[in-house]
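Engineer: Sequence:
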Amino acid sequence: MLEFNLIFLIGTNTPRLAPTALTEAIDSIVVTYRETGRSGFQIVFRVGRAKPSDVEDDPLLRGSEEQLLAAFNRVIVTLTINHQPKVLLDGIVTYHEYAPSLELGESILTLTGEDVSVMMDLEEKSIEHIELDDQSIVQTLIASYSKYGLTPKLTAPQWVERPLKTDRIPVQLGTDLAYIQELASRHGFVFYIIPGPTVGQNTAYWGPPNRKASPSKPLTFNMGSFTNLESINFQYDALAAIKVMGQVQDRKTNAIQPVSNLSSSRSLLSSEPALTTQAHTRTVQFRQSARLSNQATAYGQAMVDRAIAGVVTAQGELDTLTYGGLLEHGGLVDLRGVGYTYDGRYVVNEVTHEIRQGEYKQRFVMTREGLGTTVSSVSV
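So for the sequence shown, this note's numbering puts the first residue at 1; every next one is plus one.
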């Protein structure tokens, strides 16, 4: 039987172990990891005024507990599962909701927040990044948030340009987070925060969807005692995949060059990818200007790769105690038991952990570029 226990830390920049009264009041914890966009959390406390001294206010809404639950405090939740520690959450409180009840001890205090990247999204800026390529810009921006233990894990783009200031100057108009995400999108990359590996540390990942990691434990459906999924469903979007065509005037030579991106550059997870098997595929015009021809081709390729990834979407739910582990968002997982069309390997885009006393569920969203499995067997 899988065993797990949680440790709850909260405070300002360096959270400490939460008081017993606060920990015992926790009713549920929900943590959502996303491959695109910020991850978030919600912690529900059951509270109530049970003593004469509580007449003035609920004990969790005043005094030291109130200060701990203040907006922009930092929350860390660590999970020990089968004696293996893991940082489940490292986030910032951004929202409170209080619902008083007529029943003793049934009032609800809900704490909502986002991962530490929310601190990168508070201030809009106008900044010139003189003679820096995109990866160096991202590195510089992440470095300014070292107080949150951010360690960059960056991948060099296919096209790297470090423009001279006499040629052009990259200008940031917006928050640091918005600009990092804009640069990621330009190259078909993703940007997200991975809590851990130790308390107070976070990894800032900026790069392509990770298709080289070892897959998580397989997901199994309708296979008797091997089944570890409670539910799963699939969607196929025939309009998701695109081809990119067009032309660009090279910024240096002024020559008109064609831009043509008709296939994905990523390793395929399906045997029937939409771009090569559908009767019709949308064609999108490349309309960016002031680019070098090779740069335009790379950006067009990023558009194709980003779009085709979402042709097939699977959503499901599992019981963690039955599954025996944790799904890793941004990684790979194999699915079996639903038939050839939808069996096989997927990228895990989103995982939501729902934890209550004696119960631990995981909901997930995973995608790939088409139908049909490419996996003949899975390791269990």
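The set of hints was computed from the structure by calculation and includes no laboratory data.
Where is the CB? At the ideal position from N, CA and C, for every residue including glycine.
Heads up, some of the hints might be wrong.
To be verified - Taking lysine-lysine and the DSSO-like style, the derived pairs with C-alpha atoms no more than 30 Å apart in a straight line are:
| hint | residue 1 | residue 2 |
| --- | --- | --- |
| 1 | K125 | K147 |
| 2 | K361 | K86 |
| 3 | K217 | K361 |
| 4 | K212 | K361 |
| 5 | K252 | K86 |
| 6 | K86 | K165 |
| 7 | K252 | K212 |
| 8 | K153 | K165 |
| 9 | K86 | K125 |
| 10 | K125 | K217 |
| 11 | K212 | K165 |
| 12 | K86 | K243 |
| 13 | K165 | K252 |
| 14 | K153 | K217 |
| 15 | K212 | K153 |
Claimed, not checked - So the derived label-pair ranges between C-beta atoms look like this:
| hint | residue 1 | residue 2 | range |
| --- | --- | --- | --- |
| 16 | G325 | T20 | 28 to 34 Å |
| 17 | P152 | G37 | 16 to 22 Å |
| 18 | G11 | E123 | 19 to 25 Å |
| 19 | N233 | S265 | 44 to 50 Å |
| 20 | E230 | P100 | 31 to 37 Å |
Engineer: Run every hint past the structure and note whether it holds.
Structural biologist: Okay, the hints, checked on the actual structure:
no.: 1; hint: K125 - K147; result: 20 Å, holds
no.: 2; hint: K361 - K86; result: 16 Å, holds
no.: 3; hint: K217 - K361; result: 15 Å, holds
no.: 4; hint: K212 - K361; result: 26 Å, holds
no.: 5; hint: K252 - K86; result: 50 Å, violated
no.: 6; hint: K86 - K165; result: 45 Å, violated
no.: 7; hint: K252 - K212; result: 36 Å, violated
no.: 8; hint: K153 - K165; result: 27 Å, holds
no.: 9; hint: K86 - K125; result: 35 Å, violated
no.: 10; hint: K125 - K217; result: 43 Å, violated
no.: 11; hint: K212 - K165; result: 37 Å, violated
no.: 12; hint: K86 - K243; result: 41 Å, violated
no.: 13; hint: K165 - K252; result: 15 Å, holds
no.: 14; hint: K153 - K217; result: 24 Å, holds
no.: 15; hint: K212 - K153; result: 15 Å, holds
no.: 16; hint: G325 - T20: 28 to 34 Å; result: 30 Å, holds
no.: 17; hint: P152 - G37: 16 to 22 Å; result: 19 Å, holds
no.: 18; hint: G11 - E123: 19 to 25 Å; result: 23 Å, holds
no.: 19; hint: N233 - S265: 44 to 50 Å; result: 29 Å, violated
no.: 20; hint: E230 - P100: 31 to 37 Å; result: 34 Å, holds
Hint compliance for this structure: hints 5, 6, 7, 9, 10, 11, 12 and 19 are not met, and every other hint is.
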